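Undergrad: Produce the complete structure using the sequences and hints provided.
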Amino acid sequence: MRKIPKRIATTIMNSLKGGVVPRIGLGYITVGREQEINALLKDIEIIKDGGATFRFIVGRYGSGKSFLLQTIRSYAMDLGFVVVDADLSPERRLTGSAGQGLATYKELIQNMSIKTRSEGGALPVIFQKWLLAVENKIMEEKNISRNDLEFSRYVEAKIYEMVYKLEGVISGFDFAKALLLYCEATYSTNEEIKSKVMKWFRGEYQTKTESKNELGINAIINDSNWYDYIKIYSLFFREAGYSGLLVMIDELVNIYKVPNSITRQYNYEKILTLYNDTLQGKANHLGIIMSGTPQAIEDTRRGVFSYEALRSRLEDSRFANDEIRDLLAPIIRLKPLTSEETYVLVEKIAFIHSDLYEYELKVSEEDMMYFIKVEYERIGASKNLTVREVIRDFIELLNILYQHPEKSFKNILEKEDFEYNNPEEAEDILKEYIGFEI
Amino acid sequence: MMNKSYLMLAPFIQEYIYKNKWEKLRDIQINAIHAILETDKNVLLSSQTASGKTEAAFLPILTDLINNKVQGVGVLYISPLKALINDQFHRLSDLLKEVDITVTRWHGDVSYNKKMKLLKDPEGIVQITPESLEAFVMKRRTDCIRLFSNLKYIIIDEVHYFMNSVRGIQLLSILERIARLTSNVPRRVGLSATLSDYKGSCEWLVSGTNKGCVVPKTGDERKVVRLLVEHFYSNVENEKKETEEFNPYFEYIYDISLNKKCIIFSNAKKDVEITIGYLKKIAENKKTPDNFLVHHGNISASLREYTEAKMKENESKIITGATVTLELGIDIGELERIIQTGSPLSVTSFVQRLGRCGRTGQPSEMVFVFNEEKIKEDVEFYRLINFEFLMSIAIIELYIKEKWIEPIKLKKYPFGILLHQTLSHLLTVGEISSAALASFMLTISPFKNIVIDDFKALLNKMVNDKLIEKIDNGNLIIGLIGESLVNNYEFYAVFDADIVYSVKYNSQEIGSISEPYPIGTAFALAGNTWEVREINHRQRIIYVNKLKGLSNISWAGKGTINIHTKILKKINDILNNEVEYSYLSVKALERLRECRKVAQISKMSTNRIIKMSANTYAIFPWLGTSSLIALKYSLFPYVDSVEYIYQAYLPLGLIVKIDKDLFYLDNILNYLIKANIDVSTFKILDSDCYVMNGKFNEYIPLELLKKQYCDEFIDIIDMQNNL
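Which chain is which? The protein sequence lines are A and B, in order. According to this note's numbering, the first sequence is numbered sequentially starting from 867. According to this note's numbering, the second sequence is numbered sequentially starting from 11.
Hints may contain errors.
[Unchecked claim] DSSO-like cross-link-like pairs, simulated, lysine-lysine; straight-line CA separation at most 27 Å: (1) A:1078 with B:127; (2) A:1065 with B:127; (3) A:1078 with B:413; (4) B:458 with A:1297; (5) B:422 with A:1297; (6) A:1297 with B:221; (7) B:227 with B:413; (8) B:127 with A:1074; (9) A:972 with B:480; (10) A:1136 with B:480; (11) A:1297 with B:466; (12) A:1136 with B:149; (13) B:458 with A:1074; (14) A:1065 with B:466; (15) B:322 with B:270; (16) B:480 with A:1201.
[As the list claims (entries may be wrong)] Here are a few chain A residues that sit away from chain B, every Cβ distance over 12 Å (derived from the structure): (17) 872; (18) 915; (19) 952; (20) 1030; (21) 1104; (22) 1304.
No lab work stands behind these hints: they were computed from the structure. No experiment lies behind these values; they were computed from the predicted model shown. By construction, the Cβ of each residue, glycine as well, lies at the ideal position given by its N, Cα and C atoms.
TA: Okay, structure coming up:
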């Protein structure tokens, strides 16, 4: 196995120990999933070439959905994409009467990432870079310097060129206006206007009046139009030299959980719009990936499939089954990792751990097999137990072993006070009610 | 003392007292100032209507609010009625004119803008009903945390009403849910007009707060009460039945209400309508002004408010026909007289109604009026006695002579409210594991007697009925049927909206009534008397048999009415003694004598068992509703059959068939007094459970309903003590 930079190894260990998917270094710990990753990388190619794609990733709790999304995310950034992602929640939906759609938009913009800004907050950087690129292009094309009197005129002309391109699409006029304001503010070093324009782009203006008074733009990004702006971003990013925009929305189960059938329908209607746009070529350079549990997607009473127009479009091909998978279909189904795959993962982690803390790995193949066996018996016992908890247990074991070299792996595992990680620990449950199930 | 207390109040309140020329603070006000400002306990303020207890609570609380400003809302005032809130709102606004404390009303009729203003700038006092508070917690979780995290006081008005109502259970549950959401347990201040059972009331008020309770003393302010009981036979003086032109009963009511501002209380909405209808006709004939209004649950809110506003006008001589809806303490100006048709259903209700009258220093006047048709047919002897009439005397005696009021019995198994609160909590949190849900719900104090297995049965049925559902991580969310329930504004109220049962004799529809009487009950409808034979709860149909004789007594109130044993014992006592009560009119006294005579001849008031025919016995144990039910179930294994004898809602006794002699039966009764009777061995009839009120009963497993029924309607100990 190749050597891993310490920074990445530390991130991987800390993230996995905390039960979250690391945002970097995923390649070192990926097991299986070749087919799925390849299918999604094909999509990335299509987007780069100007197309649009839409995929659902469906898998049970702990089947590695988030892991797969993170993997694709870092691939896409490496390939020059802008990536935005958001987890839905009771407050963040695709649309809602109390701004729940806009909340998702805000989250997406906040998490906007590019290769050099992989932790989010990339929008200002993208604007700066774009402006710089425009300037460079002019200097190159016209062979003039920044100090040239004609320079600013050329820049302006170039910006307008861009603006004209955007004005043709829905809401493009307002976006272009905001973009112009941004440029003007940059050249006149008016930081106040600049931060207000950024506020506008982030969807934080509450009323049109407010926006009009402060910026002269008679429109705001709101619950009903935020997706139009996503499409404009994808155009703009392309013009600004990126490969395209990848949108990832996780935890669709939050739509399923909405206790109001009409609200659910509105949200599924929004998904249908997104889906149709990508298929009918109304969007370009845009990829959308949504993910959720089988129930959230396939339940015909309140899941995505309760919306007839989506169900008929998304349902499996009659020819596909467990053996023959159709990876070109809009839904990609993930199977949980097998115990063999988990073994490979555990092995990789053991290696990274010993490499990181610079010690000789004492855990034997047999130890790891034994550990997997014990954990899989637990998984059988509880539906909610996933690979996440298994990995956390394993790292905990490695940590103890590292600090107490005199002990053996089996020793620790068989000691009664070893506390296995369990889901649900965040909730407030009195002792007498623990384990209550209906 | 007075001066010291006065000086403890904020300057603007002192000024208000001075400006309004209050001569002195009343005892309860002085004691409340000390209880609220010098302790950190809950406070229960109990004194009669118009004794200034609202001020007693607000003066020191406002003082505290001015002296120690808090972030967010400082005081939550909870009232069972919107009208009461509006009333208090105007009184408070007056008091707070000079200072910077906002009062916000929050209920269905308050405009969106006013509510938004509070959300933007939460402060001061919020007045709310339990239902609006429920909606708030369900739908505005984050606002709830923001507004109430520093809440200092919760004032609960009409505590006696809440304690006796399912709305009270709901209220306690909501308050505990808010306390957990905000990690803040505010002090509670309870206001009540009629309380006898201080210990029980304190227990209710403090539940879930861990703060204890002080009860400031009231002064000894005596009130003069004038009472009169009048009685009419509608078919004696006049051979024509139901004459349109002249009905002495309604003429009498007309005469005693003429030019007086008064309320005519009846137990049933129908009776209110009939009475007011007659009075209007009489007034029209006599060319006196049409001053008649009605106020009951079927009247639209705006009409009721109009009535309240009209009554408040000082000089208006308005006569209002009302049911229980006017019992609570809305300020309706100074009434000159209360008229009661039939008997109130409890001593508590009587005291409430009496309290509506004679606000400042004047005597309270209440006239009871009875009207019945003289039974001429040959019927069972006990039908010749008007027990409702006797009950009114019993109630007067118990309160006036013995100062007795029904004790409060808290419900041990309020499954319906648990179901309601579970749905509401699920909507607040969105998703929760079964274990966390159980841990949350079963530790709320009104649900503390409910065991985990019962909760499990409830949840399982809720899953089956699609009220909730389990998602694939094992957590629970609102189900498809559940969401149509919680998204309807009617969900916030735990009491039933009006349900109508249609009454059928064979296949012929007789009419409709608003509540299912127990099987075997006789009631009047469309000029005849009927006996309930069978009830179809799903289709809301009551099948009846026709009975001989006429009864003017109609069943009243909602659901099964639980009459206390003490009232039945008192009725027995009245039948046995010779006292000529001073508040009885000549005709009423005459009717009492008739009743005593029947009782004497039949020996029903002295002999526990009376032989009716071969193998058929009547038992008159003089037990309250839940004790009589206990006796019926206890007797069940020993006899061939046993049925209730009810007169309207009054439990009189049992009809027993047994192939043995009277002494044998008597011995069984003696045995039952000492026997170790286990309620769980009773085979509770399904139909008995359906009689119980409960908006959500259809979603509750029958076994749990039976358990609830046993707790609320079967009292073995009281039966054994009083048999």
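Undergrad: Take the hints in turn and mark each one as holding or not.
TA: Okay, the hints, checked on the actual structure:
1. The straight-line distance between the Cα atoms of residue 1078 (chain A) and residue 127 (chain B) is roughly 25 Å, inside the 27 Å bound, and the hint therefore holds.
2. Of the supplied pair hints, the one linking residue 1065 (chain A) and residue 127 (chain B) holds, its CA atoms being roughly 26 Å apart against a limit of 27 Å.
3. A distance of roughly 72 Å separates the Cα atoms of residue 1078 (chain A) and residue 413 (chain B); the hinted pair therefore is violated under the 27 Å criterion.
4. In summary, the hint linking residue 458 (chain B) to residue 1297 (chain A) is supported, as the alpha carbons are separated by about 16 Å, within the 27 Å threshold.
5. Distance restraint check for residue 422 (chain B) and residue 1297 (chain A): the Cα-Cα separation of roughly 23 Å lies within the 27 Å cut-off, and the hinted pair is therefore satisfied.
6. For the hint linking residue 1297 (chain A) to residue 221 (chain B), the alpha-carbon distance of about 25 Å falls within 27 Å, and the restraint holds.
7. Between residue 227 (chain B) and residue 413 (chain B) the CA atoms are separated by roughly 17 Å; this keeps the pair inside 27 Å, and the hint holds.
8. Restraint check for residue 127 (chain B) and residue 1074 (chain A): satisfied, since their Cα atoms lie roughly 21 Å apart, inside the 27 Å limit.
9. Restraint check for residue 972 (chain A) and residue 480 (chain B): not satisfied, since their Cα atoms lie roughly 31 Å apart, outside the 27 Å limit.
10. Pair hint residue 1136 (chain A) plus residue 480 (chain B) holds up; C-alpha atoms about 26 Å apart against a cutoff of 27 Å.
11. Restraint check for residue 1297 (chain A) and residue 466 (chain B): satisfied, since their Cα atoms lie roughly 17 Å apart, inside the 27 Å limit.
12. Between residue 1136 (chain A) and residue 149 (chain B), the direct Cα distance comes to roughly 24 Å. Compliance with the 27 Å bound is thereby established for this hinted pair.
13. Between residue 458 (chain B) and residue 1074 (chain A) the alpha-carbon distance is near 52 Å, which puts this suggested pair outside the 27 Å criterion.
14. Between residue 1065 (chain A) and residue 466 (chain B) the CA atoms are separated by roughly 50 Å; this puts the pair beyond 27 Å, and the hint is violated.
15. Of the pairs offered as hints, the one joining residue 322 (chain B) and residue 270 (chain B) holds, with about 14 Å between alpha carbons and a cut-off of 27 Å not exceeded.
16. Taking the CA atoms of residue 480 (chain B) and residue 1201 (chain A), the gap is near 22 Å; set against the 27 Å cutoff, the hint holds.
17. Residue 872 (chain A), annotated as away from the interface, keeps every beta carbon of chain B farther than 12 Å; the closest lies near 36 Å.
18. Non-interface status of residue 915 (chain A) relative to chain B is upheld: no Cβ of that chain comes within 12 Å, the nearest being about 37 Å off.
19. Every C-beta of chain B lies more than 12 Å from that of residue 952 (chain A), the closest at about 18 Å, which supports listing it as non-interface.
20. Remark: the non-interface label on residue 1030 (chain A) is consistent with the geometry, its nearest Cβ contact in chain B lying 42 Å away (cut-off 12 Å).
21. Annotated as non-interface, residue 1104 (chain A) keeps its C-beta farther than 12 Å from every C-beta of chain B; the closest such distance is 38 Å.
22. With a least CB separation of 5 Å from chain B, residue 1304 (chain A) falls inside the 12 Å interface cut-off, contrary to its annotation.
Checked against the numbered hints listed earlier, the structure breaks hints 3, 9, 13, 14, 22; every other hint is satisfied.
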